[in-house]
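Trainee: Could you build the full structure based on these sequences and the hints that come with them?
In order, the protein sequence lines correspond to chains P and X. Residue 1073 in the working numbering sits at position 243 of the first sequence, and the numbers go up by one each step. Residue 208 in the working numbering sits at position 207 of the second sequence, and the numbers go up by one each step.
What the hints contain is simulated information worked out from the structure, not anything from laboratory work. Heads up, the beta-carbon is just placed ideally off N, CA and C, and yes, glycines get one too. Check before you lean on any hint, since a few could be wrong.
[Claimed, not checked] Covered by chain X, per the in silico footprint, the following chain P stretches (three or more residues, Cβ under 8 Å): (1) 938-952; (2) 994-1000.
[What the hints assert, rightly or not] The calculated label-pair distances, taken between Cβ atoms and stated as ranges, are: (3) P:Glu1102 x X:Lys270: 39 to 45 Å; (4) X:Ile306 x P:Arg864: 43 to 49 Å; (5) P:Asp1024 x X:Asp324: 26 to 32 Å.
As a plain string of letters, each chain reads:
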Amino acid sequence: MENTSQVPVTVLTGFLGAGKTTLLNRILTEQHGRKYAVIVNEFGEQGIDNDLVVDADEEVFEMNNGCICCTVRGDLIRILSGLMKRADKLDAIIVETTGLADPAPVAQTFFVDQDVADRTKLDAIVTVADAVHLSSQLVDHHEAEEQIAFADVILLNKVELVEDNDIVKVNDRIRKINPFAKIIKTTRCDAPLDEIVGLNAFSLDRVLDIEPDFLESDHDHEHDDDVTSLSFVSDTPLDMDKFQDWFGNLLRTKGQDILRSKGILNFKGEEERYVFQGVHMLMDASPMGPWPKGKDRSSRVVFIGRDLDNMNLKEGFDNCKSA
Amino acid sequence: MNADLKTLQESNKTELERRGSIFNIGAPATEAVTIRDQIAVGFGDGTVRFFQSGSDPKTVKAHKGVVLSMTNYEDHVLTGGEDGRFLKISSDGNIDEIFNFGSKWVDCVASHKDTKVCSSGKTVYIWTKNKDKPQTLEHQSTVAGLAFDNKGKRLAVSRYGGVTVWKLNNNKWTASNFTWKGSHGTVTFSPDTKYIVTAMQENQIHGWRINDKADLAMRGYPSKIKSFTWVGDTPYLVTSGSSDAVCWPFDGKEGPMGRKPIVVANGGKELATFVKALNGEKAVFTGFTDGSVLLAEIDESKKPIMIRSSTGSEVSTIAISSDNSQILIGDMKGSILLSSLWADN
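Mentor: What follows is the structure, encoded as structure tokens:
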């Protein structure tokens, strides 16, 4: 349900020391003329004292709805519903997660809880990455990979401390995990706030922004635990029934390993474009208006996850092409 | 033309709206409790306002941020706020800060006689008479609901995974756990204290028979249940969360087990958001997502009475004065209707 009175929520992830607190302090102290509330966790890097800061414990709850990977942030449901009772309207809410947190429960909260979905909307997942240490963190901690994989925006911070060719390497490493996130190179998180907050990245029409350049099916990786991405393009229209069967079954059986999915689809006999985006087993899909005149009607899908090679994704996608 | 329009608007009003007073506070009404002939209402702007028939409300600037929780305590109200303060407030505006939790919210409050209770995070704090330092009860996850039984001997604490019922013996609290997967919110004891019931994060309520911990799962709601109230001598547990007020019978040995609820006060396309018993009667006030309120007997053959017409903002609280003479209805936009329930008042 699109509702203009929904307050946008930005989820901020990133490893300890990457610069999340620097960014939060900027959000709280800069003269941006907007009213933001910031939900911080008690194991954050340092205390921030401000009326607009809410302390939370990260409480990951399993939903009692039979969906095995469906965990939500219970504390967030409680706090967001409290904040919605404020007399003054907030322009946005920023949720900080601890360095080692899995971003999935936060994102899933916005798909699963009706009250949260009615009054707020997930705007974007922003990950602050330390340009100096990211490469080693990606080797040692699967959480670092997940934070990169889930992100809509990645602030590659502390670039002033890294040689140019090393920045290129880190950038390429990020791209292998996540081909669609916007990467902003920063020093002390100095990106304009309007490139971080209020992006509408989870809006289905933003799926259309996937840049074709990133959609080249290309990957090579070191071991099976790695988070990678795969993408497919088809100029042949897809068969809607076949696609729904394949994709529904795929998310049900492999959703735990598919961190994010996005796509634009051209179905045979349909005038409108269909778009979807998902987090693990949950996804949102809808028609998104007619295809632009004079442009190719090609279907494009992206998957980010683990063990994608063993899901027969290419074969499954190819089988959806209409005969 | 204008006059005609005004007549039309007047005629769309309910009897109670015509004879009552309407106040536009401009911040969501979060909680309401009755103290003698006054009704105290907490708001999203941190104020507590005391409403009384025939006069303007008295405003107390209590909290910075939202009044999250409120209950009555002797001649006072206890409130918990987004500002981390747990307050005792008198109707003449005296504020006594019982405790300040800083940046942690005070999510729930409860009281029994001279015992004051609040929760912040995973901990419940209990102040008994003449003691400055609170006793503390720890839980595995954040406390989402508090309720005393009618004797004040047991305190139910809802949380993720079920309810902890604390029993007071010789000034010591001992815990008994009632387990059910999922996240549990508001909690209540049945008036005969044989059952405890919680509203869950999922669209269902869950109950336990206390003596054998038998589970009662009450499902089938289209939305979350945010409010319930005990009605009549049966008694019925009446709940919001559906297009009707859903009334579960808690009489007999088995309570609602294997039985169907009675549904009254149909709101059409609107969902019930708040329910409140009319004391001493087998009747319930039901507030809906559009701001309308119906009064219905727990009898499917009777027609409900329209108490308040639509305001476009969901009903967030209803309170009745202790002598059953006045009703107060508040919504998320901060519109308050205070009116006498009976025509000859």
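Trainee: State for each hint whether it applies.
Mentor: Now for the hints, and whether the structure bears them out:
Only residues whose C-beta sits within less than 8 Å of a C-beta in chain X count toward coverage, and the region 938-952 of chain P has 3 of them, enough to reach three; the restraint holds. Counting residues of the region 994-1000 of chain P whose CB lies closer than 8 Å to any CB of chain X gives 0, so the stated coverage by that chain is violated, three being the minimum. Checking the proposed 39 to 45 Å range against P:Glu1102 and X:Lys270 shows it is violated: the Cβ atoms sit about 28 Å from each other. At about 46 Å, the CB distance of X:Ile306 to P:Arg864 agrees with the hint of 43 to 49 Å.
A C-beta distance of roughly 56 Å is found between P:Asp1024 and X:Asp324, which places it outside the suggested range of 26 to 32 Å.
The structure fails hints 2, 3, 5 (numbered hints given earlier, in ascending order).
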